[in-house]
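Student: These are the residues of each chain, in order.
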Amino acid sequence: MTLAPTSLRSLALVLAFAVAGLMTLLEASAFLAAAGIDPLEAFHNMYVAALGSKFAIGTSLAKTVPRLLCALGIALAIRGGLWNIGAEGQIYLGAAGAAGAAMFTPDITGIHGPVVGLIAGFLVGALWGAIPGALRAYRGINEVITSLLLVYVAIQIVNYLVEGPWLVPNSTFPATAVLPPSDRLSRIWPGTLLNSGFLIALAMTLVAHVLLYKTEFGLWIRSIGGNERASHVMGLPVGLMLVAVMALSGGFAGLAGAIEVLGTRGRLVEGFSPGYGFEAIAIALLGRLHPFGIACAALIFGALDAGSGGLQVSSAGMSSAISPIVEGLAVINLLASLRLIEISLKHYDARKALGDRQRSDRPPTLKEA
Amino acid sequence: MIDTNAIVLLFTATIALASPLLFAALGELISERAGILNINLEAMMLGGAFCGVWAASATTSLFAGFVGAGLAGVIIAAVHGVLCIVLRAEQVVSGVALNILVLGTTTYGAGAVFGSNIGRSVDTLVAWPIPFLSDLPLIGPVLFDQTVATYIAFLLVPLVWWGINRTVAGLALQATGEQPAAAISMGINVRLSRWIALLTCGALAGIGGGQLTLAGLGTFTPNVTAGRGFIALAAVVFGRWTPSGAMVAILLFTLIESLQVRAQILGIKLPYQVLVMAPYLATIIALALFMKRMKAPRGLGINV
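Going line by line, the protein sequences match chains A and B.
If you're matching positions, the first sequence starts at 1 in this note's numbering and goes up one per residue.
If you're matching positions, the second sequence starts at 1 in this note's numbering and goes up one per residue.
If you're looking for bench data, these hints aren't it; they were derived computationally from the structure.
Since we're looking at a predicted model, the values are computed, not measured.
Any given hint might turn out to be false.
[As the list claims (entries may be wrong)] Computed beta-carbon distance windows for the label pairs: (1) B:LYS269 / A:ARG187: 42 to 48 Å; (2) B:VAL148 / A:GLY164: 39 to 45 Å; (3) B:VAL82 / A:THR105: 50 to 56 Å; (4) A:ILE111 / B:VAL248: 53 to 59 Å; (5) B:LEU281 / A:THR105: 54 to 60 Å.
Ideal Cβ positions, reconstructed from N, Cα and C, are used throughout, including at glycine.
Okay, chain A solo, but in the shape it has when bound:
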């Protein structure tokens, strides 16, 4: 908490984002220039590939979906005082859940087909997320390590499925068969790759917002995140809540995986996620843990991912690297600028407190001194 007026604090926040954005742009330009690539030309190519046409915009929006869903889940967990570093694994198992549901319920068709897949994806993701939650709640084991380690277990489970029992007979490409259209999410914007998963992601953004700010459950989450012990004393079922929050967080990531399978790819493919779950941790932070802020941050990185495809022609080696580089730089810059602002506001407080004290003419208390 700070004594600085709200307007000053908001201004400082905007300033932090502006400085971080500018620094990232400068650093990325310097990196591109050092690599012998004209930054302006590169940015232009990226712009064309991300926003230059209807198809490009559709691609950017489609690439926003998994990032947005995972980041929402991670933000919910952080709000509850938990680090879910394992969204990457929850995506993979959610995807496997959706693919499995679609493959083993061939008689469920129509609108119910994809719905069953989505629910299965959510549930499997939630189950996987609940494990580190339960270990934290009932065994006191730090969830950072366990959720991270479970990522690699999840990826190997999926690898086993698509290389073994779920592999298409006589195929060597590690993937399931393409799912029947009745099980898949439909395209919603003719001429683009955008599918109805985008609408689901938008709806979940709203759900996350309502859940967090308009329900008692959300209040509990924020209370536990604020002070676990006080929440316990107040009589909140803290242990159960920790499990529930991690499960919810995993469910969001599982849903992202389900949409990748049922929408974007139409089947479960080995190694389909290039690290959405890890990226999403950065996105959750960049969105300041607010659902709508996260939506904006996810859009930026979805567009960045789509835009990096535009470098394929002019500078192929940079194409797969530019997006993680910009992302990493952006988070580091923002982390630094936010902290600098917070420290400056603390100094402001200290000086203000000192000023008040001088006016009141009383000796300083030990705490103030």
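For chain A, the structure is supplied; the task is to place chain B on it using the hints.
Tutor: What follows is chain B alone, placed relative to chain A:
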């Protein structure tokens, strides 16, 4: 019936695979005992693996390669330190961001520096058999016919234990990680202590990464570490934050890894994915069952 030769090869590989992880895990152990968590251990190893080959190919000196690898780790640690020690930012977020950034940078660098040179870019570290000892039956080739880097990695285990438990600096380090506030009141410079631990971790993890490429592959491919940093992280936890514990955990993990490579020869029927996930699964199960006796440093991840 499996012949002894196969068993010797199996354990030789186990030891050789263990040493890069051991460097990284010992570094992480020092850092965690001082209260700094490095999710970015993976980034340090990857940076070390890349800069190691880069420096070695530029200078044609393996020693320079290892120096370059250590420096890369130190630089990554320094960024983490500026964010977490100076600015007191969240350690987890900084770590994740560094992992993403270094993966991107080295992926680009692999193409830009080494280009189409897919084969060996540098000569690799050769085994340096210890006279007499390497002639011993069975244990000779397993323990005493390894590279210098491997000998150093294993010698570091007692050294780190001694440093942490038997020196004043080591005790100050532990105080820093266990009770930062109390350490400050005792006159310990907590931030300096954390800086030293973190930079040491960077150097060791970088060297560990460098060993992957300089003592093994001889070239750098994108994401060559493939999660080894996370295995080292798991080993520290599995080994209950003690050097010998981490070593045992790593040897267990790499024994499984070398079994996995030879699974077919040895007639193991398990799917190989089960063996790949085994280290992670084993750590989680061990944590779930024995956590009461596995206390993390209490100040871990808490900024001062």
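Student: So, for every hint listed, does it hold in this structure?
Tutor: Hint check results:
no.	hint	in the structure
1	B:LYS269 / A:ARG187: 42 to 48 Å	44 Å, holds
2	B:VAL148 / A:GLY164: 39 to 45 Å	42 Å, holds
3	B:VAL82 / A:THR105: 50 to 56 Å	53 Å, holds
4	A:ILE111 / B:VAL248: 53 to 59 Å	55 Å, holds
5	B:LEU281 / A:THR105: 54 to 60 Å	29 Å, violated
In summary, the one numbered hint that this structure violates is 5.
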